[in-house]
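Trainee: Make the full structure from the sequences, and use the hints.
The chain contents come next:
4 protein chains.
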Amino acid sequence: MIVSMKKNATPRDIAEVCDRIRSFGYRIHAGAGDERSIVGAVGVGGDLSACIDALTAMPQVERALPISAPYKFVSREFRQTRTVVKIPSPAGTIEIGGDSPVVMAGPCSVEGEAQIMETARRVANSGARILRGGAFKPRTSPYEFQGLAEEGLAILANAREKTGLAIVTEVMTDSDVALVEQYTDLFQVGSRNMQNFALLKALGRSSRPVLLKRGLSSTIKEWLMAAEYVVAHGNPNVIFCERGIRTFETATRNTCDLAAVAVLNELTHLPVIVDPSHATGKRSLVPAVARAAIAIGADGLIVEAHPHPDKAWSDGAQSLNLDEFDAMMRMLEPYNELWCEARLEPAYA
Amino acid sequence: MIVSMKKNATPRDIAEVCDRIRSFGYRIHAGAGDERSIVGAVGVGGDLSACIDALTAMPQVERALPISAPYKFVSREFRQTRTVVKIPSPAGTIEIGGDSPVVMAGPCSVEGEAQIMETARRVANSGARILRGGAFKPRTSPYEFQGLAEEGLAILANAREKTGLAIVTEVMTDSDVALVEQYTDLFQVGSRNMQNFALLKALGRSSRPVLLKRGLSSTIKEWLMAAEYVVAHGNPNVIFCERGIRTFETATRNTCDLAAVAVLNELTHLPVIVDPSHATGKRSLVPAVARAAIAIGADGLIVEAHPHPDKAWSDGAQSLNLDEFDAMMRMLEPYNELWCEARLEPAYA
Amino acid sequence: MIVSMKKNATPRDIAEVCDRIRSFGYRIHAGAGDERSIVGAVGVGGDLSACIDALTAMPQVERALPISAPYKFVSREFRQTRTVVKIPSPAGTIEIGGDSPVVMAGPCSVEGEAQIMETARRVANSGARILRGGAFKPRTSPYEFQGLAEEGLAILANAREKTGLAIVTEVMTDSDVALVEQYTDLFQVGSRNMQNFALLKALGRSSRPVLLKRGLSSTIKEWLMAAEYVVAHGNPNVIFCERGIRTFETATRNTCDLAAVAVLNELTHLPVIVDPSHATGKRSLVPAVARAAIAIGADGLIVEAHPHPDKAWSDGAQSLNLDEFDAMMRMLEPYNELWCEARLEPAYA
Amino acid sequence: MIVSMKKNATPRDIAEVCDRIRSFGYRIHAGAGDERSIVGAVGVGGDLSACIDALTAMPQVERALPISAPYKFVSREFRQTRTVVKIPSPAGTIEIGGDSPVVMAGPCSVEGEAQIMETARRVANSGARILRGGAFKPRTSPYEFQGLAEEGLAILANAREKTGLAIVTEVMTDSDVALVEQYTDLFQVGSRNMQNFALLKALGRSSRPVLLKRGLSSTIKEWLMAAEYVVAHGNPNVIFCERGIRTFETATRNTCDLAAVAVLNELTHLPVIVDPSHATGKRSLVPAVARAAIAIGADGLIVEAHPHPDKAWSDGAQSLNLDEFDAMMRMLEPYNELWCEARLEPAYA
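Protein chains in written order, with numbering that gives the first Met the number 0: chain C, 0 to 348; chain G, 0 to 348; chain Y, 0 to 348; chain Z, 0 to 348.
Quick caveat, the hints were computed from the structure, so don't treat them as lab data. Fair warning: there could be bad hints in the mix.
Same chains, same names: a pair is fine if it fits in one copy or spans any two.
Stated by the list, open to error - In silico BS3-like cross-links for lysine-lysine, where the CA-CA straight-line distance does not exceed 30 Å:
id, residue 1, residue 2
1, Lys220, Lys310
2, Lys220, Lys281
3, Lys6, Lys281
4, Lys161, Lys220
5, Lys310, Lys281
6, Lys5, Lys85
7, Lys85, Lys6
Mentor: Structural data, given as structure tokens:
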């Protein structure tokens with residue numbers, strides 16, 4: 000159950016609502032309260048519809064909603080209209096989940112100033128709006144390159160200033176959130192950290208939006224619950240990112256569950272994008288999967304692009320070079336147009 | 000290694016080639032020989048390039064090809080141009096893998112004359128070219144409806160005559176091949192039978208094309224090898240059908256591996272279609288997945304449609320009703336056009 | 000619902016029971032009827048407990064049982080005591096599911112007289128009771144050895160006569176059941192054919208017991224339903240065989256789901272054995288998994304053993320040589336004893 | 000390549016060795032150096048055997064080892080004898096990987112003083128040596144109980160003093176390592192954090208041993224690499240814990256990959272235990288899986304036990320009550336004895 004308070008509700012009004020909810024046997028969920036004038040009630044309590052009626056009758060209450068899904072704030076029951084996540088950039092606000100798909104592009108790892116600047120300029124020219132690049136890298140082996148850390152963040156920030164692109168970069172642990180927040184416009188939570196709950200809670204207390212990659216073997220329901228952690232702790236701006244799941248198939252690095260985009264569009268109001276690079280692990284397959292992602296209704300893409308994929312310090316096999324990236328962007332144009340027409344039709348969503 | 004003979008090659012010419020191949024330590028693969036004037040050599044033999052040179056020098060030999068993939072006839076190495084599988088129908092030949100995507104539609108099970116005739120007329124009007132319907136049904140439980148058998152086949156054949164649609168229907172065992180062949184235009188091999196090798200061999204000896212669904216947990220390589228069974232036993236007309244694989248995810252009935260379409264388009268010259276109904280198990284997701292399938296480059300779709308899905312004897316939850324099917328076909332039109340433009344460009348394939 | 004008739008029930012008595020069942024809205028399941036004086040009712044009918052009462056009151060009825068599981072005859076609800084499957088051999092009847100674990104051993108493929116005779120003599124000496132060996136081989140590639148067919152069956156039958164071992168061998172299609180039945184004591188259904196329903200039905204009409212391997216990605220419920228096909232069609236003697244399932248892990252050929260043995264022991268009265276060879280795909284892991292299988296309560300093992308694994312025509316990497324097999328059998332002895340003590344305790348089962 | 004220095008090696012000696020290694024084109028791995036007088040070299044360098052020879056010839060070098068596995072310190076190549084991880088307790092040092100299997104037991108969550116004390120006393124009496132209990136709980140939903148945090152740790156520490164049991168408890172993020180270290184004898188890394196590299200690095204700098212649970216969909220190789228993170232950063236005491244992997248099967252909560260124990264025993268010198276509670280998710284299956292785990296060669300078990308599983312705040316369905324736990328421990332005794340005999344045989348390992 001979610002109760003939203005009227006705009007002028009006082010802390011005392013909220014406390015009264017909480018008391019009333021408790022009198023029906025429910026617990027108050029702490030995280031969401033103050034910031035948003037929204038009270039969440041969870042647990043197994045008494046007569047739900049009587050409780051809803053009693054709350055609705057209180058003058059300070061705007062709306063009281065029973066929500067049956069285990070995820071509350073991220074569910075379609077909570078909000079019927081689609082959420083647009085707004086990302087600031089020197090070139091103006093970028094809208095994910097808005098009127099057109101948005102492409103994020105860049106290398107797997109930040110390797111240096113020249114690599115990033117060349118990539119940023121070229122992908123911006125090709126139509127990307129957000130620059131990706133890892134400064135903290137989760138690597139299977141302790142002996143592989145672990146990222147340039149703050150030096151890498153500064154390189155990204157510099158490219159931001161010079162190109163007008165916004166920045167998305169990975170944060171791997173709650174103790175790094177404050178540092179990364181100084182540089183990035185959009186936090187990326189990697190697959191291995193989708194259920195790093197300390198990190199999710201810390202990001203819930205940030206004001207920057209979060210790109211939440213799906214865990215390697217996470218169900219869609221678990222993924223929604225992970226987003227709920229962020230939102231319930233105060234940050235409503237979460238974007239899902241399908242990047243392939245782990246299966247028995249080895250012809251591709253992962254199995255891209257594109258239908259998950261359509262499933263999410265039924266279950267949540269939050270945007271969802273697709274990462275065709277990690278989903279396939281193979282450069283030649285990226286454009287085809289990108290095309291299918293836009294066709295199925297994704298709100299955007301995140302794509303690995305590198306000036307010299309064969310010299311990349313990580314993930315070269317799945318990176319497009321900058322010409323290939325440009326060709327893909329042009330190929331996607333008519334699919335983007337069909338996407339926009341569908342989104343503008345009143346029946347959609 | 001595959002050796003193709005010149006058109007006027009005699010059995011004696013072929014025998015000489017076989018002897019030469021054996022002299023290098025390779026075995027002759029029996030299945031393919033006579034019918035197609037093609038000799039296949041397998042096994043671990045001696046100097047491969049010397050053998051190829053020796054064979055190429057023989058006057059009756061047109062071409063001798065070393066093929067490194069474990070699948071030979073179905074590989075791109077064997078044939079660079081895409082194969083068009085031709086399916087006869089009262090309304091003319093249907094081409095799968097040709098200039099436009101082809102849609103197959105109909106109910107999961109043949110339930111009776113009226114159901115099939117209504118479905119056939121409506122899906123034909125909406126643009127489907129092939130009618131699907133099961134007369135032999137593989138059901139998890141022995142207590143579920145097992146299909147109308149020959150009675151069902153006769154109903155399909157009648158609908159074929161009246162509507163001009165071609166027929167695709169499942170055959171479950173080699174001992175039924177002769178019976179089903181009397182009625183169908185296209186054999187369907189179901190997921191559970193993808194590695195029913197006795198069935199694949201029997202279909203290799205048939206002259207009707209084969210729609211080969213991917214096994215629930217089959218790798219793409221195993222799938223290609225299953226097709227190789229059919230082709231190596233004499234039937235070159237195989238169409239792949241991606242219908243979702245089994246994973247840990249339960250939000251959808253299966254996980255639709257759409258990237259497999261792009262992988263197959265790199266590895267084989269044979270056509271590939273997608274079944275969005277089994278891939279998702281949920282009616283509301285079918286149009287979105289169908290759209291993505293065309294966008295990624297599938298040569299067609301096979302879709303469950305039923306006059307009254309809520310009364311269907313099987314798979315009602317994933318069947319579109321006939322109005323929904325029609326709406327989906329109209330929605331797909333601009334995607335089909337983009338598909339055709341791409342296919343007509345010289346660089347494609 | 001399952002109704003068992005008294006011993007002297009006539010066809011007319013059975014017909015009356017069937018009519019009564021139908022009057023409550025249920026359907027009669029055809030397969031099981033006459034042979035066993037058991038009537039199965041399925042489908043969605045009227046008041047189940049009233050129907051049970053009415054049937055129990057009929058003089059010809061011994062027992063009427065509501066069974067909630069989708070599998071009926073194979074469920075613990077149908078039979079509380081464990082079924083012992085009896086297999087004839089020249090050396091006397093072998094009991095699977097009886098007082099001690101039974102080991103089946105032999106090569107993957109029958110390669111010739113000498114290979115089989117050497118293997119049979121040695122594994123018999125080491126304590127195996129049943130000789131395994133494939134005469135019809137399901138191979139991923141059409142170019143791999145497909146088995147010696149009837150010649151291989153004859154070789155097995157000869158070894159049976161000379162050593163007293165019973166024989167287990169694979170049958171791949173319903174059209175081969177009559178042939179294989181002439182030679183084998185126990186049919187093996189391979190993983191790829193676990194849901195080959197035409198084959199399961201044909202085996203249901205045989206009088207020889209069936210070893211039913213689990214499908215590569217079959218759930219335990221689907222496996223039980225596959226056994227139900229055999230039993231519902233008239234053959235009550237089914238043995239389950241866990242041989243590993245397909246997962247993302249590649250360190251072993253398959254992932255051995257040993258807990259499935261414990262799950263089956265809760266859900267069914269039928270015996271279950273384990274195949275540590277296919278489960279691991281690696282010789283060095285076979286003894287450890289065999290030990291765990293006995294410890295968890297399996298009724299036996301089926302193990303690949305070959306005089307010269309490095310020269311085996313198939314599956315050499317997972318075959319023990321005959322000395323290794325003997326060592327494993329000695330290592331298992333104390334575990335077999337613990338198994339037997341547990342089985343003899345009244346509380347067990 | 001791993002180089003171990005003689006005991007009296009000085010920092011200057013180590014620096015010389017590092018220079019020599021670099022002169023062959025390899026990089027020095029920072030983490031492992033000083034503490035252990037071991038130098039790790041990674042990357043792609045020049046002539047490996049020449050480099051090994053040159054290093055071996057240096058007077059300060061004890062041993063220079065080429066290691067081909069991507070994991071170095073945890074591999075059998077690095078150490079042939081099995082590592083015994085020593086855990087201090089008020090009742091004396093506990094050895095994991097020593098002469099007998101060790102059982103850890105306790106509730107999923109620390110709920111309060113009484114629950115923990117009752118559990119601790121009873122499981123100690125039954126033969127457990129280590130008390131488990133979560134004070135920081137990774138829960139799928141933000142609305143579920145998240146653990147008592149430091150209050151819970153203090154309760155565990157109190158039980159430790161009163162019963163002599165050692166403590167194992169989960170740490171979820173690097174920023175909690177210092178806090179948890181004050182209370183626990185053994186850190187637990189949960190499945191969702193197996194690749195939380197910031198956490199693994201922090202634990203590498205701790206002097207307490209680490210119980211590393213396998214990730215839900217982690218390969219054995221990835222698991223070994225995760226352990227390598229801990230060891231390469233300075234902490235040699237890692238214990239693996241198989242707790243089931245995620246597959247398509249739903250009859251059990253996870254699929255217990257018991258063969259992984261045998262695989263690890265081939266690949267690493269570190270101990271491995273099994274968690275039959277999470278592996279199955281079902282109380283009735285726990286004893287059977289525990290038995291199989293000991294039989295296959297696990298160095299111990301971690302088992303959920305609770306005074307009143309039906310009232311547990313989490314994981315009640317898979318928790319044994321304290322009588323059931325005691326019965327299981329007695330049932331395991333003969334299997335433990337067989338385990339010990341095998342371990343004492345010279346051929347083992």
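Trainee: Now, for every hint given, state plainly whether the structure supports it.
Mentor: We went through each hint and held it up to the structure:
1. Lys220 with Lys310: Close across copies (26 Å), not inside one copy (38 Å); limit 30 Å.
2. Lys220 with Lys281: both (28 Å within a copy, 16 Å between copies)
3. Lys6 with Lys281: Answer is neither: 51 Å inside a copy and 40 Å across each miss the 30 Å cutoff.
4. Lys161 with Lys220: neither (40 Å within a copy, 42 Å between copies)
5. Lys310 with Lys281: Answer is within: at 15 Å inside a copy they meet the 30 Å cutoff, but 37 Å across does not.
6. Lys5 with Lys85: within (24 Å within a copy, 60 Å between copies)
7. Lys85 with Lys6: within (22 Å within a copy, 60 Å between copies)
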